[in-house]
Amino acid sequence: MAQQVLATLIMALCLSWASAAFNCSLYASTCSGTPGYTAYSDCSDTVAANPNMTCRAYHLGVAATADNAIEHCPHAAQDATGPCVNETLKSFNCSLYASTCSGTPGYKAYTGCSDTVKANPLGMVCRTYHLGVAATGGNADTHCPHAAQDATGPCVNETLKSFDCSLYASTCSATAGYKAYTGCSDTVKANPLGMVCRTYHLGVAATADNAETHCPHAAQDATGPCATETLKSFNCSLYASTCSGTPGYKAYAGCSDTVKANPLGMVCRTYHLGVAATANNAETHCPHAAQDATGPCATETLKSFNCSLYASTCSETAGYKAYADCSATVAANPLGMVCRTYHLGVAAKPGNAMHCPNAAENATGPCAAEVLSVGVPTSTTSRPTATMASGESRLIPGMMMLLSVRGLINANN
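With mature numbering (1 follows the signal peptide of the UniProt record, and there is no 0) applied, the sequence shown covers -20 to -1, 1 to 393.
Derived by calculation from the structure, the hints in this document are not laboratory data.
Hints are not guaranteed to be accurate.
[As the list claims (entries may be wrong)] In silico lysine-lysine, DSSO-like type, Cα no more than 30 Å apart, as pairs:
1) K329 x K212
2) K70 x K141
3) K212 x K98
Whole structure, please, built from the sequences with the hints as guidance.
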């Protein structure tokens, strides 16, 4: 009789636990010392967004009784196991966000919403809850900003995963075709909401046996599903409008060609230009975004004209002419061969030799207007020179002989 009464009491207690809301404080105090414990990411919002957490609530109640925590706490976790593994918690609904919030003031669409959700499986509970509230009558204007990718208000501290440069290097450096990022940290800072596809696939790559498949999707020049996730490039118009009034400003020599020639190589400048464009930051950050960048971007070397590549790529093309002194020309034009540099890069790709004339010393086509300064020859032979009015040095073959002849003629007269 006593056993039957005890069983009835236990059943009643279990039913009360199952019908009660999940108790976040009880979970922390009961389970935090158990093996494999993981705290909820924003437990209260998880409960608010998921009023039906009955399986977890029940097993948490059992866990709180003597000697049951180790067995039942995993069933009550946010990523529950065992009998509660199929009790699916609400995830952020991208379609609901678009339909609910697109007409509200200040609305911004997610960049890669589905990838953001996949990359943050337990990390969007605040946004999920507030999106649910936003979808109820008359609440969209207030709660949609809390559900946004750059959330405000109560969800501003719910940080979404960002691309992990160290994880990329450690996970992918041994895979086939691996390329290190050029300025990974600056790339991440310049694209705070724009690397969600790469972030998700890097997370998958870091799991067992997935690196070879998913590392290329996480690369700077990403392939596969992330090939269309375009990273920010240097904005020439923004540079001119932001920086032209600052002290020491210099316009780029061929800005668009510089950007095209350095598709992954201007991330430091791109980041600092973005900062410069914010209030009161132009004078400090514009020099970092300049073609001859200073400060933290001084070591971000832009591509220069490659004399060896020009010879190997173009020497067999029709009308080819070697540079008179290529290395001297490059040295004399450190920022002034960007059009030729870009077209030489294009010419070096299969079937593109028609770009060689654009890269020549006497360039044609789009680079004809790119005027070169004349450099001091790199030959070790000492020859007379004359300084032109422009300050450029040009060789004057036979100058000394000509002067001697003129002297003899004058003497005879």
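(request) Assess, step by step, whether the Cα of K70 is no farther than 30 Å from the Cα of K141, and give holds or violated. (result) Holds: K70 and K141 sit about 19 Å apart, inside 30 Å.
(message) Would the hint linking K212 and K98 be met if the CA-CA limit is 30 Å?
(response) Distance of about 23 Å is within 30 Å: holds.
(message) Would the hint linking K329 and K212 be met if the CA-CA limit is 30 Å?
(response) Holds, because 24 Å separates the two Cα atoms, which is no more than 30 Å.
Hint compliance for this structure: no hint is broken.
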